[in-house]
Amino acid sequence: MSSSSTTTTTTRLLMLKASDGVTFEVEEAVATKLGAINNMVEEEGSEDLICLPNVNGKFLGMVLEWCKKHANNNTNSDKGNDEVNKWWDKEFVMDLDQNTLYHLLMAADYLSGTELVDLLTEKVASMIRGKKVEEIRETFKIKSDFLPGQEEEIRKKNSWAFE
Amino acid sequence: MDLKNDIFVINILLKLSIKSIISCKSVCKTWLDLISDPQFTKLHLAQAKTSLLIRNKSFYLFEFEDDRDSNLRYCWYSKSSRRCHHNIKLSTKPKIPSCKTRVTLNCQGDDNLNVRLTSAGVVNSCDGLLCLVEEEDS
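Protein sequence lines, in the order shown, are assigned to chains A and B. For the first sequence, the UniProt record's numbering begins at 1 and goes up steadily by one. For the second sequence, the UniProt record's numbering begins at 1 and goes up steadily by one.
These are calculated hints, taken from the structure and not from any lab test. The reader is advised that the hints may include incorrect statements.
What the hints assert, rightly or not - Heads up, simulated DSS-like pairs for lysine-lysine below, C-alpha to C-alpha not over 27 Å straight-line: (1) K42(B) <-> K157(A); (2) K68(A) <-> K86(A); (3) K141(A) <-> K157(A); (4) K58(A) <-> K17(A); (5) K90(A) <-> K69(A); (6) K143(A) <-> K29(B); (7) K132(A) <-> K29(B); (8) K131(A) <-> K156(A); (9) K42(B) <-> K123(A); (10) K123(A) <-> K29(B); (11) K68(A) <-> K29(B); (12) K42(B) <-> K132(A).
Source: prediction; values computed, not measured.
Given only the sequences and the hints, what does the whole structure look like? Please build it.
Below is the structure:
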């Protein structure tokens, strides 16, 4: 069968449609960094338009931005690539507010972007490290629901961890 | 972000050091239950970096600094809650059978660290716990 595509390389373009109707045209190699899309492409094969009813355009855009960077960096098999990716990852998560972080995490998880989920959960972990219990509660708006005395007991048992 | 009932909480907590995890036990009941679950311990053990707990009169926990970028430094905690960041070298040479493995603690230049164990042989291990026998100084 003749193909309308004139490209000789394997840069097939996929159309991704977010929940709010926003569409993104992405190279297959970029989009398939996401496990969910990779599966859809393999299963449905010829389908070029992929609807993603659980992610809105803003966060899908951010996820794809991350995929694009990583896909590009991985094509030239330089040794410094790991360093470039690390540096770029740092920049990517640096100024994310909690709300964005959370929605991005949901989006990355839904799209099975394992590496991105790892990066984002690491970012949240870094927001916990070095903080006192009270500060953790404040940061994530968690209310203590311990019975009176229960918390003291835990602290007493492990006093060395609560310096 | 609702970190109290979130599906990602386990993944996030697993990335923390033992010390951070233990202090997280007193954040809320949900976290306490998650962390106290033996399954959590198994998951943590499966991906955690090596740390060493030495039990003598007081106890010492050696673990990697709570930061992905500084892998080379261990920090240690004692029962008296003191915390140090000295460079402690743990050298192990895994061998089969394990009884031939030696664990050596190199605490040079650290006067505060009163760990008498400097070299020990491995008797056996189970779930990440090592049973060590101290070697006689010759």
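Results for each hint:
Between K42(B) and K157(A) the CA atoms are separated by roughly 21 Å; this keeps the pair inside 27 Å, and the hint holds. Between K68(A) and K86(A), the direct Cα distance comes to roughly 14 Å. Compliance with the 27 Å bound is thereby established for this hinted pair. Of the supplied pair hints, the one linking K141(A) and K157(A) holds, its CA atoms being roughly 25 Å apart against a limit of 27 Å. Of the pairs offered as hints, the one joining K58(A) and K17(A) holds, with about 12 Å between alpha carbons and a cut-off of 27 Å not exceeded.
Taken as a hint, the K90(A) and K69(A) pair is honoured in the structure, with Cα atoms around 13 Å apart against an allowance of 27 Å. Our distance criterion of 27 Å between C-alpha atoms is met by K143(A) and K29(B), whose separation comes to about 10 Å. For the suggested pair K132(A) and K29(B), the alpha carbons sit about 17 Å apart, so the restraint of at most 27 Å is met. For a cut-off of 27 Å, the pair hint linking K131(A) to K156(A) stands: about 18 Å separates their Cα positions.
The suggested pairing of K42(B) with K123(A) holds, with an alpha-carbon distance near 23 Å, which does not exceed 27 Å. A distance of roughly 23 Å separates the Cα atoms of K123(A) and K29(B); the hinted pair therefore holds under the 27 Å criterion. Pair hint K68(A) plus K29(B) does not hold up; C-alpha atoms about 40 Å apart against a cutoff of 27 Å. Between K42(B) and K132(A) the CA atoms are separated by roughly 25 Å; this keeps the pair inside 27 Å, and the hint holds.
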